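Top to bottom, those sequences are chains W and C. Under the working numbering, the letters of the first sequence match residues 1 to 263, in that order. Under the working numbering, the letters of the second sequence match residues 1 to 263, in that order.
It cannot be assumed that every hint is accurate.
It does not matter which identical chain is used: a pair holds within one copy or between any two.
Below, computed lysine-lysine pairings styled on DSS-like, alpha-carbon distance capped at 27 Å [stated by the list, open to error]:
hint : residue 1 : residue 2
1    : K19       : K111
2    : K126      : K153
3    : K2        : K186
4    : K19       : K153
5    : K153      : K115
6    : K115      : K126
7    : K111      : K233
8    : K2        : K126
9    : K153      : K111
10   : K115      : K186
11   : K153      : K186
Hint data in this document are derived by calculation from the structure and do not stem from the laboratory. It should be emphasised that the depicted structure is a prediction, and the values quoted were computed from it without experimental measurement.
2 protein chains.
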Amino acid sequence: MKEPLHLFKIGGAVLEDDKELEETLGFFSNLPGRKLLIHGGGRRASRMSRQLGIEPRMHEGRRITDTDTLEVVVMVYAGLENKKVVSMLQALGCNAIGLSGPDGNVILADKRPVKDIDYGYVGDVKAVNTRSLAALLEAGMTPVLCAITHDGKGQLLNTNADTIAAELAIALAGQYQANLYYCFEKPGVMTDIDNMDSVIRYLDPELYAAYREQGVIAEGMIPKLDNAFRALKAGAASVQVGDRRALALGEATQLVWTTEFPE
Amino acid sequence: MKEPLHLFKIGGAVLEDDKELEETLGFFSNLPGRKLLIHGGGRRASRMSRQLGIEPRMHEGRRITDTDTLEVVVMVYAGLENKKVVSMLQALGCNAIGLSGPDGNVILADKRPVKDIDYGYVGDVKAVNTRSLAALLEAGMTPVLCAITHDGKGQLLNTNADTIAAELAIALAGQYQANLYYCFEKPGVMTDIDNMDSVIRYLDPELYAAYREQGVIAEGMIPKLDNAFRALKAGAASVQVGDRRALALGEATQLVWTTEFPE
Numbered sequence: 001m002k003e004p005l006h007l008f009k010i011g012g013a014v015l016e017d018d019k020e021l022e023e024t025l026g027f028f029s030n031l032p033g034r035k036l037l038i039h040g041g042g043r044r045a046s047r048m049s050r051q052l053g054i055e056p057r058m059h060e061g062r063r064i065t066d067t068d069t070l071e072v073v074v075m076v077y078a079g080l081e082n083k084k085v086v087s088m089l090q091a092l093g094c095n096a097i098g099l100s101g102p103d104g105n106v107i108l109a110d111k112r113p114v115k116d117i118d119y120g121y122v123g124d125v126k127a128v129n130t131r132s133l134a135a136l137l138e139a140g141m142t143p144v145l146c147a148i149t150h151d152g153k154g155q156l157l158n159t160n161a162d163t164i165a166a167e168l169a170i171a172l173a174g175q176y177q178a179n180l181y182y183c184f185e186k187p188g189v190m191t192d193i194d195n196m197d198s199v200i201r202y203l204d205p206e207l208y209a210a211y212r213e214q215g216v217i218a219e220g221m222i223p224k225l226d227n228a229f230r231a232l233k234a235g236a237a238s239v240q241v242g243d244r245r246a247l248a249l250g251e252a253t254q255l256v257w258t259t260e261f262p263e
Numbered sequence: 001m002k003e004p005l006h007l008f009k010i011g012g013a014v015l016e017d018d019k020e021l022e023e024t025l026g027f028f029s030n031l032p033g034r035k036l037l038i039h040g041g042g043r044r045a046s047r048m049s050r051q052l053g054i055e056p057r058m059h060e061g062r063r064i065t066d067t068d069t070l071e072v073v074v075m076v077y078a079g080l081e082n083k084k085v086v087s088m089l090q091a092l093g094c095n096a097i098g099l100s101g102p103d104g105n106v107i108l109a110d111k112r113p114v115k116d117i118d119y120g121y122v123g124d125v126k127a128v129n130t131r132s133l134a135a136l137l138e139a140g141m142t143p144v145l146c147a148i149t150h151d152g153k154g155q156l157l158n159t160n161a162d163t164i165a166a167e168l169a170i171a172l173a174g175q176y177q178a179n180l181y182y183c184f185e186k187p188g189v190m191t192d193i194d195n196m197d198s199v200i201r202y203l204d205p206e207l208y209a210a211y212r213e214q215g216v217i218a219e220g221m222i223p224k225l226d227n228a229f230r231a232l233k234a235g236a237a238s239v240q241v242g243d244r245r246a247l248a249l250g251e252a253t254q255l256v257w258t259t260e261f262p263e
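All chains, full assembly: derive it from the sequences and hints.
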């Protein structure tokens with residue numbers, strides 16, 4: 001029987017709201033046993049970018065990362081946001097340790113090849129160093145990962161935080177019972193973005209495909225759900241998507257493989 | 001017999017010069033056995049501060065750290081500079097792991113009380129968590145520490161990197177044979193700043209006091225040397241001050257307790 005591990009990804013809106021962040025970290029720090037947190041920080045990075053006179057450029061929701069933009073995301077993700085989260089968790093009695101990809105070589109990535117579009121210093125995850133992560137987890141520490149990776153040759157790279165969460169769950173599923181949580185500002189995956197009661201309780205690949213085709217699921221949710229299903233398929237024990245309250249109450253969207261729902 | 005540990009502090013000028021930084025990290029990564037690195041980043045922080053419209057304010061060489069300035073130093077030290085150094089060390093085959101005070105709770109500090117001057121969010125080191133650091137060292141990792149600490153209640157603090165280096169050497173001297181190196185842009189402590197041949201080979205407290213009184217040692221060296229002597233007095237096995245070349249050749253200034261020099 002593998003030990004459970006909670007992998008908790010928090011999104012940009014949660015990071016932006018101090019009270020919500022505190023509540024969310026409070027919930028996270030009370031999860032029993034081994035856990036790790038993954039965070040983004042894109043909104044703050046865009047603001048910092050503008051403050052420094054660099055207009056953020058996005059393509060299909062992904063940041064085009066030139067040299068100056070890479071410095072901004074490294075500063076904001078690995079500096080500002082990561083240390084804020086770590087110091088708040090320490091105050092909650094959780095022995096957090098902030099990491100980016102080069103730290104302990106935890107996430108190695110390849111610079112994305114230029115095809116139709118040059119994303120610049122964007123990295124696709126190549127390898128997760130489960131040995132380093134397990135060493136920290138088994139020493140009683142709680143890794144807090146930001147979305148910065150490296151290529152092993154001294155180059156830092158910008159990687160999507162949802163993708164990192166999925167890759168970590170997949171890599172660590174060999175050793176742990178990996179439970180993945182995507183914690184964001186909505187109570188779950190919704191069929192009607194304006195109706196809080198429209199949360200899809202259980203989502204299987206068939207239903208997901210149908211909803212996608214019908215355009216029922218918001219465009220912005222697609223990459224997150226693709227990552228989430230990929231993690232579930234590759235060995236994650238459970239994947240849930242929702243806000244802190246829904247996750248705490250077990251009312252968030254749960255990804256499943258069958259259409260035979262447990263209730 | 002305690003295992004040796006090399007504690008290597010690199011200063012701002014080394015961080016500013018890419019070639020010098022690469023050479024210095026190459027030298028550091030070749031030091032045998034357990035090691036850790038401490039870095040500053042004040043020059044870059046001052047530039048970033050100005051870019052964001054915040055004029056840096058210093059008092060006796062120490063940065064006055066208001067809320068906005070704290071964000072800048074956290075971004076630059078824990079983000080930009082720390083991840084740059086860590087990714088470069090990884091490329092050199094050294095399994096570096098970047099840390100600030102809250103990470104693994106390695107350095108706890110108290111906000112400096114306001115006396116004649118309010119330094120703002122500046123922290124005086126209260127405790128070094130040798131257990132966390134030893135766990136990383138014994139797992140084959142090389143901690144890379146920046147000069148950000150925390151108060152354990154969620155507040156990040158700005159602390160002088162020379163002081164952190166001394167405090168780490170003192171705390172870890174109980175468990176390791178702690179060899180402390182202050183690597184900066186000069187070949188050593190000099191009696192004449194314009195004469196490269198004026199390096200003081202051995203410096204003991206008596207000679208230091210005499211040189212201070214005569215105004216022979218540059219003003220800016222005093223806090224560094226005070227820290228260095230404090231570390232030596234409190235158990236560091238050796239303390240050397242100089243540039244990479246002088247340190248490599250054993251020609252840097254060595255702090256000693258007696259006036260009976262070994263040559």
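Hint check results:
Only between protomers do K19 and K111 lie at most 27 Å apart by alpha-carbon distance; the minimum there is 24 Å, versus 36 Å within a single protomer. Within a single copy, K126 and K153 get their C-alpha atoms as close as 13 Å, which meets the 27 Å cut-off; across copies the closest is 37 Å, which misses it. Proximity of K2 and K186 under a CA criterion of 27 Å is satisfied in neither setting, with 31 Å inside one chain copy and 55 Å between copies. Proximity of K19 and K153 under a CA criterion of 27 Å is satisfied inter-copy only: 16 Å between copies versus 39 Å inside one chain copy.
Taking the shortest Cα distances, K153 and K115 sit within 27 Å of each other inside one copy (22 Å), while across copies they are farther apart (47 Å). Proximity of K115 and K126 under a CA criterion of 27 Å is satisfied intra-copy only: 19 Å inside one chain copy versus 53 Å between copies. In this assembly of identical chains, the alpha carbons of K111 and K233 lie at most 27 Å apart only when taken from the same copy (25 Å versus 49 Å across copies). In this assembly of identical chains, the alpha carbons of K2 and K126 lie at most 27 Å apart only when taken from the same copy (25 Å versus 39 Å across copies).
Within a single copy, K153 and K111 get their C-alpha atoms as close as 11 Å, which meets the 27 Å cut-off; across copies the closest is 38 Å, which misses it. Within a single copy, K115 and K186 get their C-alpha atoms no closer than 34 Å, and across copies no closer than 48 Å, so neither meets the 27 Å cut-off. For a Cα distance limit of 27 Å, the shortest separation of K153 from K186 qualifies neither inside one copy, at 39 Å, nor across copies, at 29 Å.
Hints 3, 10, 11, counting from the list given before, are not met by this structure.
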